[in-house]
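Student: From first to last, the protein sequence lines are chains A and B.
Okay, so the first sequence: first residue is 1 according to the working numbering, each after it adds one.
Okay, so the second sequence: first residue is 1 according to the working numbering, each after it adds one.
No wet-lab data here; the hints were simulated from the structure.
Everything numeric in this text was worked out from a predicted model, so none of it was measured.
Check before you lean on any hint, since a few could be wrong.
Which copy is meant is left open, so a pair is good if it fits within one copy or across any two.
Cut-off 16 Å, straight-line C-alpha distance, at most; resulting in silico cross-link-like pairs (EDC-like, lysine to aspartate or glutamate) [stated by the list, open to error]:
1) K2 with E538
2) K155 with E315
3) K408 with E299
4) K2 with E522
5) K155 with D119
6) K468 with D541
7) K102 with D126
8) K8 with E538
2 protein chains.
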Amino acid sequence: MKLSPLQKFRYQYVPKLPGMLRNGIAEICVKEGAETSSVRDQEKIKALFPNTYGKKEIIFQKGENTSAAKKQVVGVILSGGPAPGGHNVISGLYDALKASNKENILLGFKGGPSGLTNDNCVILDDATIDAYRNTGGFDIIGSGRTKLETEEQFKIAAEVCKKRGVTAIVIIGGDDSNTNAAVLAEYFAANNTGVQVIGCPKTIDGDLKNEDIECSFGFDTATKTYSELIGNIQRDANSGKKYWHFIKVMGRSASHVALECALECQPNICLISEEVAEKKMSLSQIANYIADSVCARAERGMNFGVAIIPEGVVEFVPEFSVLIQEINELLAGSKADKFNELPSWKDKYEFIEKGLTNESMAVFAILPEAIQQQLFLERDPHGNVQVSLIESEKLFSALVKDVLAERKKNGTFNGKFGALHHFLGYEGRCAFPSNFDADYCYSLGYNAFMLIQYGYTGYLSKVSNLSKPAEEWVAGGMPITKMMNIERRHGHDKPVIRKALVELDGKPFKYFQANRDTWAVETAYTFPGAIQYYGPAEVCDLTTRTLALEKE
Amino acid sequence: MKLSPLQKFRYQYVPKLPGMLRNGIAEICVKEGAETSSVRDQEKIKALFPNTYGKKEIIFQKGENTSAAKKQVVGVILSGGPAPGGHNVISGLYDALKASNKENILLGFKGGPSGLTNDNCVILDDATIDAYRNTGGFDIIGSGRTKLETEEQFKIAAEVCKKRGVTAIVIIGGDDSNTNAAVLAEYFAANNTGVQVIGCPKTIDGDLKNEDIECSFGFDTATKTYSELIGNIQRDANSGKKYWHFIKVMGRSASHVALECALECQPNICLISEEVAEKKMSLSQIANYIADSVCARAERGMNFGVAIIPEGVVEFVPEFSVLIQEINELLAGSKADKFNELPSWKDKYEFIEKGLTNESMAVFAILPEAIQQQLFLERDPHGNVQVSLIESEKLFSALVKDVLAERKKNGTFNGKFGALHHFLGYEGRCAFPSNFDADYCYSLGYNAFMLIQYGYTGYLSKVSNLSKPAEEWVAGGMPITKMMNIERRHGHDKPVIRKALVELDGKPFKYFQANRDTWAVETAYTFPGAIQYYGPAEVCDLTTRTLALEKE
Numbered sequence: 001m002k003l004s005p006l007q008k009f010r011y012q013y014v015p016k017l018p019g020m021l022r023n024g025i026a027e028i029c030v031k032e033g034a035e036t037s038s039v040r041d042q043e044k045i046k047a048l049f050p051n052t053y054g055k056k057e058i059i060f061q062k063g064e065n066t067s068a069a070k071k072q073v074v075g076v077i078l079s080g081g082p083a084p085g086g087h088n089v090i091s092g093l094y095d096a097l098k099a100s101n102k103e104n105i106l107l108g109f110k111g112g113p114s115g116l117t118n119d120n121c122v123i124l125d126d127a128t129i130d131a132y133r134n135t136g137g138f139d140i141i142g143s144g145r146t147k148l149e150t151e152e153q154f155k156i157a158a159e160v161c162k163k164r165g166v167t168a169i170v171i172i173g174g175d176d177s178n179t180n181a182a183v184l185a186e187y188f189a190a191n192n193t194g195v196q197v198i199g200c201p202k203t204i205d206g207d208l209k210n211e212d213i214e215c216s217f218g219f220d221t222a223t224k225t226y227s228e229l230i231g232n233i234q235r236d237a238n239s240g241k242k243y244w245h246f247i248k249v250m251g252r253s254a255s256h257v258a259l260e261c262a263l264e265c266q267p268n269i270c271l272i273s274e275e276v277a278e279k280k281m282s283l284s285q286i287a288n289y290i291a292d293s294v295c296a297r298a299e300r301g302m303n304f305g306v307a308i309i310p311e312g313v314v315e316f317v318p319e320f321s322v323l324i325q326e327i328n329e330l331l332a333g334s335k336a337d338k339f340n341e342l343p344s345w346k347d348k349y350e351f352i353e354k355g356l357t358n359e360s361m362a363v364f365a366i367l368p369e370a371i372q373q374q375l376f377l378e379r380d381p382h383g384n385v386q387v388s389l390i391e392s393e394k395l396f397s398a399l400v401k402d403v404l405a406e407r408k409k410n411g412t413f414n415g416k417f418g419a420l421h422h423f424l425g426y427e428g429r430c431a432f433p434s435n436f437d438a439d440y441c442y443s444l445g446y447n448a449f450m451l452i453q454y455g456y457t458g459y460l461s462k463v464s465n466l467s468k469p470a471e472e473w474v475a476g477g478m479p480i481t482k483m484m485n486i487e488r489r490h491g492h493d494k495p496v497i498r499k500a501l502v503e504l505d506g507k508p509f510k511y512f513q514a515n516r517d518t519w520a521v522e523t524a525y526t527f528p529g530a531i532q533y534y535g536p537a538e539v540c541d542l543t544t545r546t547l548a549l550e551k552e
Numbered sequence: 001m002k003l004s005p006l007q008k009f010r011y012q013y014v015p016k017l018p019g020m021l022r023n024g025i026a027e028i029c030v031k032e033g034a035e036t037s038s039v040r041d042q043e044k045i046k047a048l049f050p051n052t053y054g055k056k057e058i059i060f061q062k063g064e065n066t067s068a069a070k071k072q073v074v075g076v077i078l079s080g081g082p083a084p085g086g087h088n089v090i091s092g093l094y095d096a097l098k099a100s101n102k103e104n105i106l107l108g109f110k111g112g113p114s115g116l117t118n119d120n121c122v123i124l125d126d127a128t129i130d131a132y133r134n135t136g137g138f139d140i141i142g143s144g145r146t147k148l149e150t151e152e153q154f155k156i157a158a159e160v161c162k163k164r165g166v167t168a169i170v171i172i173g174g175d176d177s178n179t180n181a182a183v184l185a186e187y188f189a190a191n192n193t194g195v196q197v198i199g200c201p202k203t204i205d206g207d208l209k210n211e212d213i214e215c216s217f218g219f220d221t222a223t224k225t226y227s228e229l230i231g232n233i234q235r236d237a238n239s240g241k242k243y244w245h246f247i248k249v250m251g252r253s254a255s256h257v258a259l260e261c262a263l264e265c266q267p268n269i270c271l272i273s274e275e276v277a278e279k280k281m282s283l284s285q286i287a288n289y290i291a292d293s294v295c296a297r298a299e300r301g302m303n304f305g306v307a308i309i310p311e312g313v314v315e316f317v318p319e320f321s322v323l324i325q326e327i328n329e330l331l332a333g334s335k336a337d338k339f340n341e342l343p344s345w346k347d348k349y350e351f352i353e354k355g356l357t358n359e360s361m362a363v364f365a366i367l368p369e370a371i372q373q374q375l376f377l378e379r380d381p382h383g384n385v386q387v388s389l390i391e392s393e394k395l396f397s398a399l400v401k402d403v404l405a406e407r408k409k410n411g412t413f414n415g416k417f418g419a420l421h422h423f424l425g426y427e428g429r430c431a432f433p434s435n436f437d438a439d440y441c442y443s444l445g446y447n448a449f450m451l452i453q454y455g456y457t458g459y460l461s462k463v464s465n466l467s468k469p470a471e472e473w474v475a476g477g478m479p480i481t482k483m484m485n486i487e488r489r490h491g492h493d494k495p496v497i498r499k500a501l502v503e504l505d506g507k508p509f510k511y512f513q514a515n516r517d518t519w520a521v522e523t524a525y526t527f528p529g530a531i532q533y534y535g536p537a538e539v540c541d542l543t544t545r546t547l548a549l550e551k552e
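Kindly generate the complete structure, drawing on both the sequences and the hints.
Tutor: Right, here's the structure in full:
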């Protein structure tokens, strides 16, 4: 295997642990806090988690390790999309496990949660761990999207654990995966399997965040990578002075990624899905909002700009959301066959026109033809529109173009408008973790082992005070049920970790709101540049603007 | 203006000059070499450049500065697409100019070559230069694509120079811009204007390269940025193990960028346009070549991979090139109107079917509909197909999908194939220059001033021995006419700098060729990571694999 110079040197990086975990395993003791209750729907959640509900928050501190001596066989699982730092969670877990007892074993279940139910695993040893320290990706054992949520799966999981002698499972995943971790922990406890379950908060989307979890890992590195590229594109726009760049960024429903990139780069426009929903904005209102910036800049001689579009925004436009629902119904089941047989787009268009309500047809009619076709041609196995595949960066630039054509006729726009499009996502999910993510993840993994050693289950590994230097970080654990409420999912009430959307009264959005009108008109671009792993602390150790503002 | 932490710290970076330029302006003397002659078509080129042809190559060395004392007013122009390091060319030029005489003036002509003919300029002072040191982009004065090539433009340029007291012009640009610089130099000399012209070799495409110019500036930083992202995408592919990523990279006709990224990242596939042309490959052959890798990897259980597609490749596929020519003729002039009036794509398709030869229609018929439409819907102001807008990454993945569907029927493919698409270009043209580009560009600019001070015109600023530490670099100048030959352009013989394509018998391609069969089947990915500006020299100071292999 040929290693890049950076990879060779990153192997030598020693991640920083929270101060309280720096004294060696023998000098880590537990301080229990108050009993917890879920953020909402306490009675319902308590009833669903009789064995794991209401446990105490705990933190670790310096003191004699009083945990029972026990050989541990820990299984680790990577769940869902990769996030920078996953390998460090595993190496932190491994180091604590081996420091505690050289006989302890770390099993890696391969290809995601299905690795557990398929009993597909590998023993992780020094050589393997050392080849992945401080690197990006989830390739050490692979990841997958299978959800562990049925009784049948839990039963198989219990059998696999028994066969392998597994004493604990660490699940590294997002909100859904950690919800499932809590359910699995409850199952294991209810059935006296003796297997503990600990979760670790992963997602570049930043939507696994609450009063206990300051941020999910990977968000820092991914947003720094996107911000590097957005900054570069901004400089390009300001050099050639002839294009508007529409840049869609990953992040699923929430706009945390888009907002963080906007705080880092100060683009002309950044849509925030949560605001679009709150204000019930129409496509036309959004297009006009962007067009206002284009016009104001054109008047100042600047026929260029940058607009950030969060991946999920179209779902938050009420009229568009209704349109999608109508299309899904229009083509449900066998109705799709009839549609697919229609020979030309013209025939299909007529079919659509007949099938939609007037309101939705009005929305459909203003879409560019390429987007209209995307709605019908690319559907998932259930026949539903794949909203995530809609090229919303092209959608909005086309709508803005139409608005500007109107304004040109009216004489209210005399500039030029040329658009280029980008989608940033896969480029940032597997970057070498920033120093912050390398440290944070290593600490989460190390800490996860401490929770295991002290016998906790159904807990999320928790490291907080993250806006401070690592020395001052606080390591501990929080019952996952504490973060849960009941939500309606697919027609059923389900206990889930509340997904964190951007709060419109939160400091990050408020800061953005206070500045965006200036950014929309002026060229106030900031250029973060590539992630630095070496050099001055200010350059290579700072975490996100979002966290800094939240902790101000 | 809000500065990122990196930008603040990059201001403090002191670019490294070649050893021979480190003794101060007063200690730089000229060593003239032999007279030069153009690489081909010597008589014709000599006849076209009677005043500037055949001059001597020169290098600088330590010794008493013997140049005539003269107040210099230098105008600088950024031409064409931005490349990382342009600001450092200007700051190197500025520092040498001011070190020589504080009364010297540096004028920046704004928005590219048209800034000269429009007399649109600004005096560059300490505050301005300091705000742009070691930063990416061409935003200090903007860039543009106007070509200075007509007698009329030269006349105006001469008038502007006279009015402003300009003694020399520095043109920072690619092969065409430097060709034009040579023609302008000849005009100025022939008309006794006393204005010198010096060029600097810029382009991320890497196609301005020859026995004198080891590489153009910006290529290092841009390819490092693309390689960072390709490496990240490779790790993502290897984490989720379910997608083939088709990644188009900028670079215009030449495949230097694609090849360098392949050498850095070791992807499964990298097309090289020059090889496609040499072997006269058809679209179907290329699709089968990629499909072979998909199948071989699927057999080993790896339904994922990464393929790099050079921007210009479709132009090098002979049958595709003929198709484009036929389409251009089919829609020339008023014929396009008739076509545009046809109501549906079906009607248009019939029109196309009638208009193309059978051979070209066969090629057209296998293209995915979206690409077929791109060929007709997006044409330039002259009605020609815009080849650069063709989404060739989607074209090839669609063709591969078709091949695999056939093979599945035949039972020769049993894997899965899901494709994702990327285009990397604007993301890398304005990155903070790598230490290499920061040093190289600063040296080019400093050196350009030395050429001016010693009275040279029609020269390219030349810094060589670049695979060695900066201390050992050799600074000097080469007559641009030396790099010229006669080529047929738009029906006329024109003297031009020969564009450098990838040499199929060169060491970089040979290395790639020797390894690619392994890379196609195995997962031999390398992960370069983000450009580092600080840290170990091996991590932050190495230039491209291409140059290292060429200089082996």
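Student: Now tell me, hint by hint, if it's right for this structure.
Tutor: Hint-by-hint comparison with the structure:
1. K2 with E538: between (32 Å within a copy, 15 Å between copies)
2. K155 with E315: Neither, since 37 Å and 58 Å both go past 16 Å.
3. K408 with E299: within (13 Å within a copy, 57 Å between copies)
4. K2 with E522: between (46 Å within a copy, 13 Å between copies)
5. K155 with D119: within (13 Å within a copy, 79 Å between copies)
6. K468 with D541: Result: close within a single copy only, 10 Å intra versus 32 Å inter.
7. K102 with D126: within (11 Å within a copy, 62 Å between copies)
8. K8 with E538: between (24 Å within a copy, 10 Å between copies)
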